[in-house]
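**Student:** Okay, here's what each chain looks like letter by letter:
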Amino acid sequence: MNQELKQEIAELKQQKTSQMYLTWVRFKRNRLSVIGLSFVLVVIFIAIFAPVLTPYHPYETDPFNRLASPSRENPLGTDELGRDLLTRLLYGSRIALQVGILIVLFEGFIGISFGLLAGYFGGWVDEIIMRLVDILRSFPVIILAMAIAGIMGQGLFNVVLAIGLVGWTTYARMVRGKILSIKEADYVEAAYAAGESTVSVILRYILPNVLPTAIIMVCIMMPTALIASATLSFLGVGVQPPLPCWGSIAAAGRDYIIRAPWISTTAGFFIMFTVLGFNFIGDGLRDAFDPTSKRN
Amino acid sequence: MNKWGYVGKRLLKTIPIIIGVTLVTFLILHLSPGDPVRIMLGPYATPETVAALRAQYGLDQPLPLQYFSWLGNIAQGDLGTSIRYNRPVTELVQARIGITLTLTLAGLVISVTLGSILGILAALKQNSWLDYLCTFQAMFWISIPGFWLAILLLYIFGLQLRWVPIAGLSGFASVILPALTIGLQEEAWFARPMRAEMLGVLNEGYIKAARAKGVRYYRVVGKHALRNVMVPMITMLALRLPWVIAGSVVVEVVFAWGGMGSLLVNSVLARDYPVVQGILLIIALSVVLANLLADLVYSLIDPRIRVEGGKK
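Residue numbers (the working numbering), protein chains in the order written: chain A, 1 to 296; chain B, 297 to 608.
Among the hints, a few may not be true.
Stated by the list, open to error - Straight line, CA to CA, 20 Å or less: simulated SDA-like cross-link-like pairs of lysine to any residue: (1) B:K421 <-> B:V497; (2) A:K6 <-> A:N209; (3) B:K309 <-> A:R131; (4) B:K305 <-> A:M130; (5) B:K305 <-> B:L592; (6) B:K504 <-> B:G518; (7) A:K28 <-> A:A10; (8) A:K28 <-> B:Y428; (9) B:K519 <-> B:I413; (10) A:K6 <-> A:V133; (11) B:K309 <-> B:T531; (12) B:K309 <-> A:F39; (13) B:K305 <-> A:E127; (14) A:K28 <-> B:L592; (15) B:K309 <-> A:V125; (16) B:K305 <-> A:W124; (17) B:K309 <-> A:V133; (18) B:K309 <-> A:G122; (19) B:K309 <-> A:W124; (20) B:K309 <-> A:D126; (21) B:K309 <-> A:M130; (22) B:K309 <-> B:L596; (23) B:K309 <-> A:I128; (24) A:K183 <-> A:F269; (25) B:K504 <-> B:L420.
To be verified - What follows is a list of derived Cβ distance ranges for each label pair: (26) B:A391 <-> A:K28: 49 to 59 Å; (27) A:G153 <-> B:T345: 13 to 23 Å; (28) A:E80 <-> B:Y428: 55 to 65 Å; (29) A:V34 <-> B:G368: 40 to 50 Å; (30) A:I128 <-> B:L585: 16 to 26 Å.
Think of the hints as simulated: they come from the structure by calculation, not from any bench. All figures in this text were calculated on a predicted structure; none of them were measured in a lab. Don't be surprised by glycine CBs; every beta carbon is placed ideally from N, CA and C.
Pulled out of the complex, with its shape left as it was, chain B reads as follows:
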């Protein structure tokens, strides 16, 4: 298959997923055991208020009709109106998404960098104490809940040592701990495949050939092996993105950052459903896009992927 054929096919495959994502997001609201409007308004609302709000949100219409009008609004960039703030969801999100993006990106950078370094070291010194230490620390970080790591870091470096500000967003120093929380937790996911891939690549014929030719060891690693490792790392990046986003939501709560994550948690607790739906949709769509992008990049780097059944 040629390059553009693959791209077209991959794009087509994304459409049903995007539709499915909107359906899941839409239907979640209807999971509530009672009437969502009643739950939103609380037990003391008068029937008139309930009816009025139901009409305002179009909840008195049949479900499929509700879905399509909701979809139509989204297509026009209208994610609805927050019940709690009485302001457009897009406006609320716009004001906060930057914080979440910063945190997610910083976390990813730390985790990929740290994971790659540790993975490469472990592979180069296979079965040494360093290798075992890398494996063990990876296991350790994935065994602790993100909120706890955040609390511990906050307590040790913020409260006891007072190296960094303990809460809120104020300059570069305040980003360190939150980003480190995500970075440490996610680093394990990059270190393990990096190590495995490096080991695999280092045993390949062409690496041995390069070594036999007299190319220096670290040059071999840097030039030949690393390039091959990039492909699985990009996949891992796309695969872990949802977890990084989830991690940043938790971290935002602990560090009292007013980002999209905190907004989501508060909206869930306050039953502000339009905001919950809007943020869920934004997160899921960015994950879908990231996966699409990863697959496309992947196919450009490695032509073998484009062959049917080459991946998955």
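Okay, chain A solo, but in the shape it has when bound:
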């Protein structure tokens, strides 16, 4: 009996892998999501090979060549300290990806854990966690994060902390909802019947089934994380100069918008390119995982 149940569980697991494959096939069919994927790959490529792509260093100032127009030597001109703008923007992809990934990992970890607890245990645990979610959602993410970052002090990790502490609620809600439906599934009951412990059921049967949802969430939340961190930097409470961060480059360029409009505009373009890429991927993934939500 026990053996048979285990067999059945294994088969159900098998189905899951083929579903992952199906998802990939559906994802590939969506042209926009493939474009999005290529955008993101370009940004990753730039982040890795920035030192090869440009002869300059992002901190290298040139007081005699401040706010220079785009030229052969400086394809996008120079900034207010005479640093090559293109170099800073290319290196900026490192900061953006780093901060973005750290944010989604951090908020994802908190949100998925809380969602798991709330959904699985229900009752007062659920009540407390969901009220906390309601409370945090009463604050605009960027505004609360700005206040927290401002109070904790500027810096890359404080940006991650500030946005993560506020942004996890979306994950928690999503994961909780998913768990409520999984909890009732046959294979979970089967696992209990086979004598598995609560921890083992959560880790081996529930968590793997929540994972696809979590992966989509991470892709969907990446744009929000990128825009939020850029906005904090723009407002002056985020990543600080001389670190090349797109948000703070755009902020610095605003003071020279008449003389050197290319600073702010190109910095924003890099953000848009990256965020658009992740948004396309997220949209494709959503459709791929849930064919019922398809437009037709």
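Got chain A; can you put chain B on it based on the hints?
**Tutor:** What follows is chain B alone, placed relative to chain A:
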């Protein structure tokens, strides 16, 4: 459940959230790694000044006591005194909140109008180029940071074309670009659900019946479908309010409007904590109220909501 039972229950549910909001706002100040008073005064303050300011703000008292006295002051409409301006926070906010409200409302009006029109058009012409264009432009607007859109609009329409004033608040023309920034960014959030809802409604039996009866197409859309779409749109409105407020903060900074948003950003940068706390509290409470209002309106429009578990 009857109507008033639902209203009562919903009101009761709001109380712990309001308490939680005040707690979060209060505790934020204590997130700072060091002593808030030292940070406020800077590294060169004498110990006497630090002690005096700490006593003035009641920071030498135990935390729960501080919280309750702070809460008591708020209940009396006292949000504390700004360190930078040395004036009551309420006074500072009062002078600026109108600007932020104007911007938020104008932004909402633009986004809802634009979003509804685009959503309806997309639904009526499902799978046409217009539909795809609507989807794509929605994706585009949500993929760009608000500050960048503001800078671009400012540069193109203010500096290059000189159609509108570039900064500050001077009459109707100066509201256009800031409101448009918010409107374009938020429009996507209304266009998508509008399209989905319209598609759903258009496939309902009663719409088909109306069509079969010979009612003209646009009349069907206007009379039957639109009314049904109102409910999810109101929810979306309440849901997006925090984002619109956040958007207006950023826009105020770019366009150099001296509203509550600029005050908040400057106070964060200057570590003027009483002002930060006061504005955070005002924003969060208005979001809570807007959600409450939306839920109540919702339950009046659609009686099904009042049934337990009907929503959320």
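**Student:** Which earlier hints turn out false for this structure, listed by number in ascending order?
**Tutor:** Of the numbered hints given earlier, those the structure breaks are 7, 10, 12, 14, 24, 28 and 29, listed in rising order.
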